[in-house]
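Taking the numbering used here, the leading residue of the sequence shown gets 1, the next gets one more, and so forth.
Treat the hints with care, since some could be wrong.
What the hints assert, rightly or not - Below are the BS3-like pairs computed for lysine-lysine, each with C-alpha atoms no more than 27 Å apart in a straight line:
1. 5 <-> 29
2. 208 <-> 326
3. 38 <-> 26
4. 38 <-> 268
5. 127 <-> 429
6. 127 <-> 103
7. 17 <-> 29
8. 103 <-> 5
9. 144 <-> 188
10. 326 <-> 38
11. 5 <-> 26
12. 208 <-> 127
13. 188 <-> 208
14. 208 <-> 17
15. 188 <-> 5
16. 326 <-> 358
17. 208 <-> 268
18. 188 <-> 228
To be verified - Quick list of simulated restraints, FRET-style, between CB atoms:
19. 89 <-> 560: 17 to 27 Å
20. 327 <-> 475: 17 to 27 Å
21. 357 <-> 545: 23 to 33 Å
22. 447 <-> 560: 19 to 29 Å
In case anyone wonders, no lab produced these hints; they're calculated from the structure. Computed from a predicted model, the values in this text were never measured in an experiment. Built from N, CA and C at the ideal position, the CB exists for glycine as well.
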Amino acid sequence: MTYAKVYPTSEIESFRKEVFIENRAKIAKFNQEYSQGKRNFVQQLNPFGDLLHHEFTQLLNGFNRSTLPRVNVPTPTTFIPSANVALPATVDWRQVGAVTPVKSQGSCASCWAFAAAGALEGHWFRKTGQLVDVSEQNLIDCTKSYGNDGCMGGLVDPAFQYIRANGGVDGEESYPYESRDDQQCRFKSENVVAECTGYVDIAEADEKGLELAIATLGPVAAAIDASKDGFQFYSDGIYYDPDCGRTQAEMNHAVLVVGYGQEPNGQKYWLVKNSYGPQWGIGGYVRMAKDANNHCGIANEASYPLMNHLKNFSPEEDQLRFNIFKDNLRRIDELRQRIQNGEIHFNVGVTQFADLTKEEFINRHLKLKLPERRLKREAPGGNRTRRQVAAFIDWRAQGAVTAIKHQGNCASCWAFSAVGSIESQYYLKHGVLVSISEQNLIDCAVDQTNNGCNGGWMANAFQYLTTHSITAESEYPYAGIQQSCTFGTARQFQVSIAGYQLLQADELSLQQAVATIGPISVAIDGSNLQFYAGGVFRDDDCIPGRVNHGVLVVGYGIEAGREFWLVKNSWGSSFGENGYFKMIRNRANQCNIASYGMYPIM
């Protein structure tokens with residue numbers, strides 16, 4: 001194997017060749033000792049074969065405790081393990097999609113940035129279901145005021161503190177890695193891909209605490225002693241070196257612990273993601289001895305970022321959620337197999353609802369309520385002449401749709417659906433797109449059907465607004481809980497409606513309305529949207545007549561020969577296709593999407 005290295009002079013090339021030959025001989029001797037049972041792991045030549053060992057450690061091992069006197073961060077939260085929690089025998093966060101591909105720090109001692117970024121990526125995935133690629137260069141360039149020293153080394157916790165105080169960190173795509181630290185901070189808030197609210201430190205040398213955190217929370221950043229000769233050319237097996245340091249002062253390299261396991265012979269290991277590139281170790285990973293007296297100090301400096309999940313679990317509850325999460329992963333794998341078999345044609349994946357059972361998902365997030373009174377529909381044919389309409393419609397392209405919103409743990413889909421159509425009709429009438437307040441409806445439009453975060457119905461919201469006004473999101477912001485109505489009259493923006501219209505219950509009527517009137521509020525059976533991740537959704541298990549979720553149809557089209565409705569959801573931009581989903585169109589009123597179409601009359 002060659003590594004395409006070029007040297008500036010023939011003298012340097014000759015020297016590096018000698019080093020390479022010497023290292024090759026050392027590796028051969030080491031592997032012979034492995035075959036004799038004297039070593040626990042195997043070595044192999046890699047891109048560092050032309051480096052002397054001290055050069056290797058100086059170049060790549062940048063966990064630098066000498067920066068501590070300059071570190072400007074508050075006292076961290078300490079992880080408190082819970083007793084009597086049964087943990088799985090093996091954990092591998094790669095298998096659930098929580099770990100990005102192995103990266104290479106190059107000739108920059110920025111391992112601390114890669115460990116921090118990896119932990120943030122993993123915990124952001126657990127929060128949102130979306131795996132983002134965090135910019136290590138952003139951390140290298142922008143955390144010097146927190147005590148870190150770029151390519152000369154740093155610590156993980158100050159990186160977390162920067163992310164918290166900064167309101168997030170940019171993505172790799174907008175802020176690519178350069179393996180240098182002589183640049184100014186170029187962070188741009190519009191390119192933020194992840195954030196955190198703080199960080200938590202595992203107690204020093206507490207391997208059981210580290211195990212619990214990894215099993216129940218996600219990947220954890222850690223520091224190790226990577227200065228021993230064997231680490232440079234590690235290739236496979238469980239890394240164990242009796243001379244490895246175990247004190248905090250001996251920690252010199254930051255890594256990401258993404259799991260743990262046990263070999264058939266009973267040897268336990270930590271599954272560790274490194275930042276030396278995929279040609280090092282086991283595709284960039286190393287299995288390090290676990291429960292071996294804190295081998296190489298792996299539990300000395302372990303930490304992870306805090307996320308505002310809107311979920312505050314006890315360790316026992318978190319274990320329950322993790323078990324549900326694993327069960328749902330099996331369901332997702334089964335669905336993916338059906339995709340491969342050509343049985344279904346939309347994508348599935350881990351979403352923000354992956355730690356809920358199906359029953360919990362339905363009970364918590366699908367609480368649309370049909371009123372008991374008879375619904376008065378428009379006359380057959382409506383007020384619109386049936387005519388040829390465009391084959392494709394997307395009201396987003398016309399500027400008539402506000403950004404994706406998130407209802408959180410409040411079953412207020414009815415308010416988001418109603419507000420979405422009001423926003424669009426206001427835009428089409430006045431030429432101004434205003435984000436209107438769902439909280440206003442949750443707090444104030446209360447009747448026998450509408451009950452804030454316990455569900456409601458779009459038509460009742462429209463009826464309320466024929467005698468009351470509603471204000472802008474900026475004046476009555478979303479809280480995600482039902483509160484006392486505080487609308488009052490002193491609002492800069494107020495709008496009411498003249499009435500509303502309920503469409504005939506067929507897809508042609510819905511298409512005509514979307515094409516000629518604008519986005520339309522609809523009700524669907526969303527029971528099987530829990531793991532939707534893109535494509536044209538088709539669910540033949542939808543129950544005819546059942547609706548439990550309010551959404552907004554903002555267009556329609558055709559994808560790969562499949563007609564679809566373009567639907568704006570209220571589960572945040574991490575759901576589906578940036579907050580939207582496509583529902584199959586003209587297939588027997590799929591999931592009852594055309595049964596209760598309605599819009600406000602301005």
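Evaluation of the provided hints:
no., hint, verdict
1, 5 <-> 29, "holds, 25 Å"
2, 208 <-> 326, "holds, 21 Å"
3, 38 <-> 26, "holds, 15 Å"
4, 38 <-> 268, "holds, 18 Å"
5, 127 <-> 429, "violated, 39 Å"
6, 127 <-> 103, "holds, 23 Å"
7, 17 <-> 29, "holds, 19 Å"
8, 103 <-> 5, "holds, 19 Å"
9, 144 <-> 188, "holds, 17 Å"
10, 326 <-> 38, "violated, 38 Å"
11, 5 <-> 26, "holds, 21 Å"
12, 208 <-> 127, "holds, 24 Å"
13, 188 <-> 208, "violated, 39 Å"
14, 208 <-> 17, "violated, 45 Å"
15, 188 <-> 5, "violated, 35 Å"
16, 326 <-> 358, "holds, 13 Å"
17, 208 <-> 268, "holds, 13 Å"
18, 188 <-> 228, "violated, 40 Å"
19, 89 <-> 560: 17 to 27 Å, "violated, 42 Å"
20, 327 <-> 475: 17 to 27 Å, "violated, 43 Å"
21, 357 <-> 545: 23 to 33 Å, "holds, 24 Å"
22, 447 <-> 560: 19 to 29 Å, "violated, 44 Å"
Hints 5, 10, 13, 14, 15, 18, 19, 20, 22 from the list above are not met by this structure, while the remaining hints are.
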